[in-house]
Amino acid sequence: MGKRVQLLAVDLGASSGRVILGTYNGSSIVTEEVHRFANSPVQDSGHLYWNVPALLQEIKQGIKLACQAHGEITSLSVDTWGVDYGYLDHAGKLLDSPHHYRDQRMGKYRNRLEELLPPEEQFRLTGNQPDPINTLYQLFADLQENPLLQECADHILMMPDLFLYLLSGTVSAEKTILSTSGLLDAGTGDPSSVVLGRLGIPAGLIPLRVEAGTAIGRLLPELCDELGCGPIRVIAGASHDTASAVASIPYAEKNGAAFISCGTWSLVGMETKAPVLTPASYKYGFTNEGCYGSGNRLLKNITGLWLLQETRRTWAEAGEVLSFGELSTLAGNEGAAQSFIQPNDPVFSTPGDMPGRIAEYCRSTGQQVPETKGAMVRTILESLAKSYAAAIQELEEITGEKVRKVHMVGGGIQNKLLCQLTADATGREIIAGPVEASALGNLLVQLAALDELDFSRAAAIVAASETLTVYRPINDNRGE
65 MGKRVQLLAV DLGASSGRVI LGTYNGSSIV TEEVHRFANS PVQDSGHLYW
115 NVPALLQEIK QGIKLACQAH GEITSLSVDT WGVDYGYLDH AGKLLDSPHH
165 YRDQRMGKYR NRLEELLPPE EQFRLTGNQP DPINTLYQLF ADLQENPLLQ
215 ECADHILMMP DLFLYLLSGT VSAEKTILST SGLLDAGTGD PSSVVLGRLG
265 IPAGLIPLRV EAGTAIGRLL PELCDELGCG PIRVIAGASH DTASAVASIP
315 YAEKNGAAFI SCGTWSLVGM ETKAPVLTPA SYKYGFTNEG CYGSGNRLLK
365 NITGLWLLQE TRRTWAEAGE VLSFGELSTL AGNEGAAQSF IQPNDPVFST
415 PGDMPGRIAE YCRSTGQQVP ETKGAMVRTI LESLAKSYAA AIQELEEITG
465 EKVRKVHMVG GGIQNKLLCQ LTADATGREI IAGPVEASAL GNLLVQLAAL
515 DELDFSRAAA IVAASETLTV YRPINDNRGE
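Residue numbers for the sequence shown follow our numbering, so the first one is 65 and each next one is one higher.
Hints were generated in silico from the structure; no laboratory data involved.
We put the CB at the ideal spot given by N, CA and C, even for glycine.
Be aware that one or more of the hints could be misleading.
Below, in silico cross-link-like pairs of lysine-lysine (DSS-like), each with a Cα-Cα straight-line distance of 27 Å or less [what the hints assert, rightly or not]: (1) Lys172 / Lys347; (2) Lys466 / Lys318; (3) Lys337 / Lys469; (4) Lys318 / Lys347; (5) Lys466 / Lys480; (6) Lys128 / Lys157; (7) Lys466 / Lys347; (8) Lys337 / Lys318; (9) Lys157 / Lys124; (10) Lys480 / Lys318; (11) Lys469 / Lys347; (12) Lys337 / Lys466; (13) Lys437 / Lys480; (14) Lys67 / Lys128; (15) Lys480 / Lys469; (16) Lys318 / Lys469; (17) Lys347 / Lys337.
Using C-beta positions, here's what the derived DEER-type ranges look like [unchecked claim]: (18) Glu317 / Ala344: 21 to 27 Å; (19) Pro266 / Glu290: 33 to 39 Å; (20) Arg468 / His154: 51 to 57 Å; (21) Asp409 / Gly292: 47 to 53 Å; (22) Thr531 / Glu215: 52 to 58 Å; (23) Glu493 / Thr393: 22 to 28 Å; (24) Pro117 / Ala267: 27 to 33 Å.
Generate the whole structure from the sequences, applying the supplied hints.
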């Protein structure tokens, strides 16, 4: 211990990616953003895809810049959003561009899938909340549209596993990202023979599972030559970005603590010892996913700052370009919201004119239509805060545990108004930080894999490395 260790976290979100350098000195981690880039899906023939070649090029650029500026890098790992995947053929080549989870192909086959495997049975078997974006639905749709995939495809790789493969040449299936797929047995964590058999999915498509924090190889020699770097170790970390984010939470005490991972999606939940498969958990829309080490993330997926991102994009296309900070200021200058939306309403799930959709939602529900940009943003932020508060109440009912504190992490906590509105809506103290939670959790898991860190010290390391902000209720809006 005590030596200086430099590592890279490749943190891919649904709208942007980052390559983050972490420098660990034994007591704290200093992070530096080496490279940031857009993650823009591609429309082709009516379908929505991820641009893997472009993303790989950006990742390589980040590695190159880090090595040029900082010298020796010990290891790297990749975390991404859940559910999406790519196919490798028998020669190890990517068969096609991976579909985006907002692609619409699943709708055509949803009823057929749910006849074969009813939603409640899916939940009991896998612990995952049934959702057309899930890997399970996507994979079923792919096999219906192209039965030859069963012959052509050797493996599916979830998105972080795909990038780790492209960097190292090693095929792996990391536990936390695979736990988002709807393909695993909730009890064993292995692929569910019932699910695969019922839907005609070949078991061989899923590679052998590895635990979070497994060293799987080194950067390919040809990439070392191309990027001018040494043989960096490649680690399958907590590859689901939310699992990495949760690994970074600086809990003083886990009991009575909930979390909100706040980004394009908002994930509201708490850590439990085992999957919670009760009728209440299913009814309220909670899902179960893997943690780093042991344990379970019981959480609810809520459409998050996607609402604001699409609103901003729509206004920018109309010639009014406003930063997120400017939008937050406009909302802060407004009074309390007069109208509210349900963020998870399907009308808000696809790209498009979000302000127009919000206005129509308000009209159709008999509410006042926000008339200014500030009022529109205020409606979005207060609606998110109210949805967080409702989810926390549901968590208490499901688990029988009183939530006393809420940790908010992720890029969304840079919106201070949202944090304060969440404190007001929940009536609870909000501890906000870290911002780059997924990247920091990614780095912490790497350090543990390298035997540089006893993970029981992780919370203390985060507290020593990051500035945390506490928000307390000013206007307690519970029950309104």
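Right, here's what the structure says about each hint:
1. Under the criterion of a C-alpha separation no larger than 27 Å, the hint pairing Lys172 with Lys347 is consistent with the structure, at around 24 Å.
2. About 12 Å separates the Cα atoms of Lys466 and Lys318, which keeps this hinted pair within 27 Å; it holds.
3. A C-alpha spacing of about 19 Å is found between Lys337 and Lys469, which places the hinted pair at or below 27 Å, so the restraint holds.
4. For the suggested pair Lys318 and Lys347, the alpha carbons sit about 25 Å apart, so the restraint of at most 27 Å is met.
5. With a C-alpha separation of about 25 Å, the suggested pair Lys466 and Lys480 falls inside the 27 Å cut-off, and the hint holds.
6. For the given pair, Lys128 sits about 24 Å from Lys157 by alpha-carbon distance, which is consistent with the 27 Å threshold.
7. For a cut-off of 27 Å, the pair hint linking Lys466 to Lys347 stands: about 20 Å separates their Cα positions.
8. Restraint check for Lys337 and Lys318: the C-alpha separation of about 11 Å stays at or below 27 Å, so the hint holds.
9. At most 27 Å may separate the alpha-carbon atoms for a hinted pair to count; Lys157 and Lys124 meet this at roughly 18 Å.
10. Between the alpha carbons of Lys480 and Lys318 the distance comes to roughly 24 Å, so the proposed pair stays at or under 27 Å and holds.
11. At roughly 24 Å between alpha-carbon atoms, Lys469 and Lys347 fall within 27 Å of each other, so this suggested pair holds.
12. Proposed proximity of Lys337 and Lys466 is supported: the alpha carbons are some 16 Å apart, at most 27 Å.
13. A distance of roughly 18 Å separates the Cα atoms of Lys437 and Lys480; the hinted pair therefore holds under the 27 Å criterion.
14. Pair hint Lys67 plus Lys128 holds up; C-alpha atoms about 23 Å apart against a cutoff of 27 Å.
15. For the suggested pair Lys480 and Lys469, the alpha carbons sit about 17 Å apart, so the restraint of at most 27 Å is met.
16. Distance restraint check for Lys318 and Lys469: the Cα-Cα separation of roughly 9 Å lies within the 27 Å cut-off, and the hinted pair is therefore satisfied.
17. Restraint check: the Cα-Cα separation between Lys347 and Lys337 comes to about 20 Å, which is no more than 27 Å; the hinted pair holds.
18. Look at Glu317 against Ala344: about 25 Å separates their beta carbons, and that is inside 21 to 27 Å.
19. In this structure the supplied range 33 to 39 Å holds for Pro266 paired with Glu290, their Cβ-Cβ distance being about 35 Å.
20. Distance hint for Arg468 and His154: a CB-CB separation of about 53 Å, consistent with the stated range 51 to 57 Å.
21. At roughly 49 Å, the beta-carbon separation of Asp409 and Gly292 lies within the given 47 to 53 Å, and the hint holds.
22. Between Thr531 and Glu215 the CB atoms are about 54 Å apart, so this pair conforms to the stated range of 52 to 58 Å.
23. A C-beta distance of roughly 25 Å is found between Glu493 and Thr393, which places it inside the suggested range of 22 to 28 Å.
24. For the hinted restraint 27 to 33 Å between Pro117 and Ala267, the CB-CB distance of approximately 30 Å keeps it satisfied.
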